[in-house]
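Each protein sequence line maps, in turn, to chains S and U. With the working numbering, you'll find the first sequence wraps up at 387, consecutive numbering, no jumps. With the working numbering, you'll find the second sequence wraps up at 303, consecutive numbering, no jumps.
Treat the hints with caution; some may be incorrect.
[Said to hold, decoys possible] For lysine-lysine, the following BS3-like pairs were computed, each having C-alpha atoms within a straight-line distance of at most 25 Å: (1) S:K173 with S:K296; (2) S:K173 with S:K273; (3) U:K290 with U:K191; (4) S:K216 with U:K290; (5) U:K105 with S:K374; (6) S:K333 with S:K296; (7) S:K173 with S:K216; (8) U:K107 with S:K374; (9) S:K277 with S:K296.
[As the list claims (entries may be wrong)] With the Cβ distance kept under 10 Å, some of the chain S side facing chain U (calculated, not the full set): (10) W186; (11) R210; (12) S289; (13) S341.
[Unchecked claim] Here are the simulated distance ranges between beta carbons: (14) U:P246 with S:M225: 32 to 38 Å; (15) S:L148 with U:D53: 39 to 45 Å; (16) U:R204 with S:V250: 45 to 51 Å; (17) U:I93 with S:T118: 17 to 23 Å; (18) U:L146 with S:S242: 21 to 27 Å; (19) S:S304 with U:S217: 25 to 31 Å; (20) S:L245 with U:S217: 44 to 50 Å.
It should be emphasised that the hints constitute simulated quantities derived from the structure, not laboratory data. Cβ coordinates follow ideal geometry from the N, Cα and C atoms, glycine included.
Read off the chains here:
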Amino acid sequence: MRKSMRLTDVVVYLFLLLGAATCLLPFVWLIRSSFMSLSQIFVIPPEWIPSPFVWDNYILPFKELSFGRYFLNTSWVLVGTMVGVLTSSTIAAYSFARMRWIGRDKMFGLIMTSMMLPFAVTLIPTFIAWQSLGLVNTYVPLVLPAFFGGGAFNIFLLRQFFKTIPKELDEAVFVDGGSHFTIFAKVILPLSRSAVLVIGIFTFLGTWNDFLGPLVYLNDELKFTLALGLSQFRGMYNAEWGLLMAASVIVTIPAILVFAIGQKYFMEGIALTGIKG
Amino acid sequence: MQSLSVLRRRENWFGWLFAAPAILGFFVFILGPMAASLYYSFTDYQIAGDPTFVGGRNYANLFNGVDPFFYKSIFVTLYYVILSVPLQMITAFILALILNRKIKGRAFFRVVFYLPTIMPVIASSMVWIWMFDPDLGLLNEALRTLHLPTSNWIYSSSSVIPTLVFMSLWTVGGTMIIFLAALNDIPKQYYEAIEIDGGGRLQRLWHITIPLASPSIFFNTIMSVIGGLQVFVQPYAMTAGGPNDASLFYVFYLYREAFTFGNMGNASAIAWVLFIVTMILTYVIFKTSQKWVYYEGGEA
């Protein structure tokens, strides 16, 4: 019995290690190539340690292209979207979770249906509308919608969380003459720090990785975001893999950093989204 | 002390006020555009001109096969969904089953499996394009070393979709985490009970784990189907829909129609077909879910 247990453990570990290797291989390949000279990159059989270490691949995207600028552009979109999502989704979730008003649950259900809606359905008329307002090629179409609810998914997540906070806390504030604003700001938000953080991380990653939005709305190269700049970059340096890999690393690093910092909350947050799905 | 009805009325008013941005957002950015897109789908609307009403012509052109890409893109997308969704579910579920046990290095594996989902798709596409290169790519190099037959990966019309499915398995970590949470929630008493009855591993899996995790299977399946119907970055950045339109994904086709060719009316019809197909598929999954999804407390 004991021996057979050990055998299954070995199989399980082999499976896990194989899976982990598959997951990590593209990352390893990405990083090793980004530090290699063009002559070493294509050596067969492939070499894994760059020698010499080449930094040029990281300098060129900033020097010859506007990667510094793209970085700033992405940051503006990011800050705007984060502020919009975090303020409007928390307020809306508070209303749906803890206030009683006529039509509340119907409205909530209605807003939740938009989670299933393919973005492609609203893309064209939204684009036409922004165009007629003369706002295409600005960041307004990418940022402004965040201030109107901040996404059904986020409202859903926060509402779930807010509902777990005991109602007695609200009553205590009411007895002291406080309003809903007081409860929201002084009770609910401080107690929901972890949930808000999760929304923040999700929003960061979603905005950072967004491709279709910038692709549709930005056509002036100086206004590009990093993701868009990277895809442009590929067209210009088709086979210069070292450069392309370095550029990809630059685009990936901030996402990985945010993930590393918020990892603990992040895992909990993802779990939270699925349980009562 | 104010009377109760005054308080109620005030709460009603404030409730609407707090929810107002979200409600407004729903009407302005969801419902309004949907209605507009439905209208445009019945018009001839070039991006530079004005819409002129043409009745059902756009839809007729799609379904008559006048536009040959319509059926092609439906085929490509469904092929991808049918292949990728079950494989993603099975892979993610097996990984979650393993990582739900108290094994060494559990936290490490969890992070490693999740990591690929963090990477911007546009960046991972760059790496994969190169790894899939038939002559210079790492995968064929490895296959040659092992004396195995090589593949043309994304560069041949027969292997491009299976290759993209394989690539989608690389980002299965998000689904895995949701499964893990569901498995973690299963009360241990259930397992103790079946152990007393002498049930083996497979029985435990079949009679306890899968039924109790079925809501999460249901959730992940829907999300995965919806995600599969909307694949865009891979065809845009990796294959340009080719070779020979073999990876002409539906949303890529829609994007091309709208933003490359400027046929807004036609593209709106394409978008509405997608909307209806998504609704039908979601409805079917919901309906069948009543047969296989188990909810604690018995409410269906």
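Outcome of the hint check:
no.	hint	verdict
1	S:K173 with S:K296	violated, 48 Å
2	S:K173 with S:K273	violated, 51 Å
3	U:K290 with U:K191	violated, 30 Å
4	S:K216 with U:K290	holds, 22 Å
5	U:K105 with S:K374	holds, 18 Å
6	S:K333 with S:K296	violated, 39 Å
7	S:K173 with S:K216	violated, 54 Å
8	U:K107 with S:K374	holds, 18 Å
9	S:K277 with S:K296	holds, 14 Å
10	W186	violated, 18 Å
11	R210	holds, 6 Å
12	S289	holds, 8 Å
13	S341	holds, 6 Å
14	U:P246 with S:M225: 32 to 38 Å	holds, 35 Å
15	S:L148 with U:D53: 39 to 45 Å	violated, 52 Å
16	U:R204 with S:V250: 45 to 51 Å	violated, 57 Å
17	U:I93 with S:T118: 17 to 23 Å	holds, 19 Å
18	U:L146 with S:S242: 21 to 27 Å	violated, 53 Å
19	S:S304 with U:S217: 25 to 31 Å	holds, 28 Å
20	S:L245 with U:S217: 44 to 50 Å	holds, 46 Å
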